[in-house]
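Based on the sequences and whatever the hints tell you, model everything.
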Amino acid sequence: MADQTQVKSAGERIEDAMREVGTLLIAFAPLDAALSERKEHIAGFLLLFLGLGALLFVGALVLERRRSHVE
Numbered sequence: 001m002a003d004q005t006q007v008k009s010a011g012e013r014i015e016d017a018m019r020e021v022g023t024l025l026i027a028f029a030p031l032d033a034a035l036s037e038r039k040e041h042i043a044g045f046l047l048l049f050l051g052l053g054a055l056l057f058v059g060a061l062v063l064e065r066r067r068s069h070v071e
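Using the numbering used here, you'd call the opening residue of the sequence shown number 1 and step up by one each time.
Keep in mind the hints are simulated off the structure, nothing from the lab. Some clues are possibly wrong.
[Said to hold, decoys possible] Have a look at the derived ranges for each label pair, beta carbon to beta carbon:
{"no.": "1", "residue 1": "Arg-38", "residue 2": "Arg-13", "range": "29 to 39 Å"}
{"no.": "2", "residue 1": "Lys-8", "residue 2": "Val-58", "range": "36 to 46 Å"}
{"no.": "3", "residue 1": "Gly-11", "residue 2": "Gly-51", "range": "41 to 51 Å"}
{"no.": "4", "residue 1": "His-69", "residue 2": "Lys-8", "range": "31 to 41 Å"}
{"no.": "5", "residue 1": "Lys-8", "residue 2": "His-41", "range": "32 to 42 Å"}
{"no.": "6", "residue 1": "Ala-34", "residue 2": "Ala-54", "range": "14 to 24 Å"}
{"no.": "7", "residue 1": "Leu-24", "residue 2": "Arg-65", "range": "20 to 30 Å"}
{"no.": "8", "residue 1": "Asp-16", "residue 2": "Gly-51", "range": "18 to 28 Å"}
{"no.": "9", "residue 1": "Thr-5", "residue 2": "Arg-38", "range": "40 to 50 Å"}
{"no.": "10", "residue 1": "Ser-68", "residue 2": "Glu-37", "range": "15 to 25 Å"}
All C-beta atoms in this analysis are idealised placements derived from N, C-alpha and C, irrespective of residue type, glycine included.
Written as C-alpha cells, this is what we have:
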C-alpha cells in the first residue's frame with residue numbers, strides 16, 4: 001500500500017509562511033529591542049515589528065478560515 005500524502009496548494013503554503021514569519025517577528029522583536037545598541041527610535045521599531053508580525057499572523061488565520069468555509 002502506498003502512502004497517500006496530501007500535497008499542500010500554493011495558497012496553503014503561503015498561509016503557513018505568513019503564520020511562521022508573523023510568529024517569529026512577534027517572538028524576536030522584543031529581544032532585538034533589548035539587545036540593540038542603538039537606542040534612538042527603538043520603540044518605533046519594536047512597535048513596527050510587533051504590528052507587522054500580528055498583521056501577518058492574523059492575516060494568515062483569516063485566509064485559512066475563509067478557505068475552510070469555502071470547501
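* Whether the CB-CB distance between Lys-8 and Val-58 falls inside 36 to 46 Å -> 21 Å, violated
* Asked: Is the distance from the Cβ of Asp-16 to the Cβ of Gly-51 consistent with 18 to 28 Å?
  -> Distance hint for Asp-16, Gly-51 holds at roughly 21 Å.
* **Glu-37 and Ser-68 - C-beta distance against the hinted 15 to 25 Å** => 45 Å, violated
* **Lys-8 and His-69 - C-beta distance against the hinted 31 to 41 Å** => 18 Å, violated
* **Status of the given 14 to 24 Å range, CB of Ala-54 versus CB of Ala-34** => For Ala-34 and Ala-54 the Cβ distance comes to about 19 Å; the hint holds.
* Could you see if the CB distance from Arg-38 to Arg-13 stays within 29 to 39 Å? => 36 Å, holds
* Asked: So does Gly-11 sit 41 to 51 Å from Gly-51, Cβ to Cβ?
  -> 24 Å, violated
* Kindly confirm whether 20 to 30 Å is satisfied by the beta carbon distance between Leu-24 and Arg-65. => 22 Å, holds
* Could you tell me whether the CB distance from Thr-5 to Arg-38 stays inside 40 to 50 Å? => Since the Cβ atoms of Thr-5 and Arg-38 sit about 47 Å apart, the hinted range of 40 to 50 Å holds.
* C-beta pair Lys-8, His-41: status relative to the range 32 to 42 Å that was hinted -> For His-41 against Lys-8, whose Cβ atoms are near 39 Å apart, the range 32 to 42 Å holds.
Of the numbered hints stated above, those contradicted by the structure are hints 2, 3, 4 and 10, listed in ascending order.
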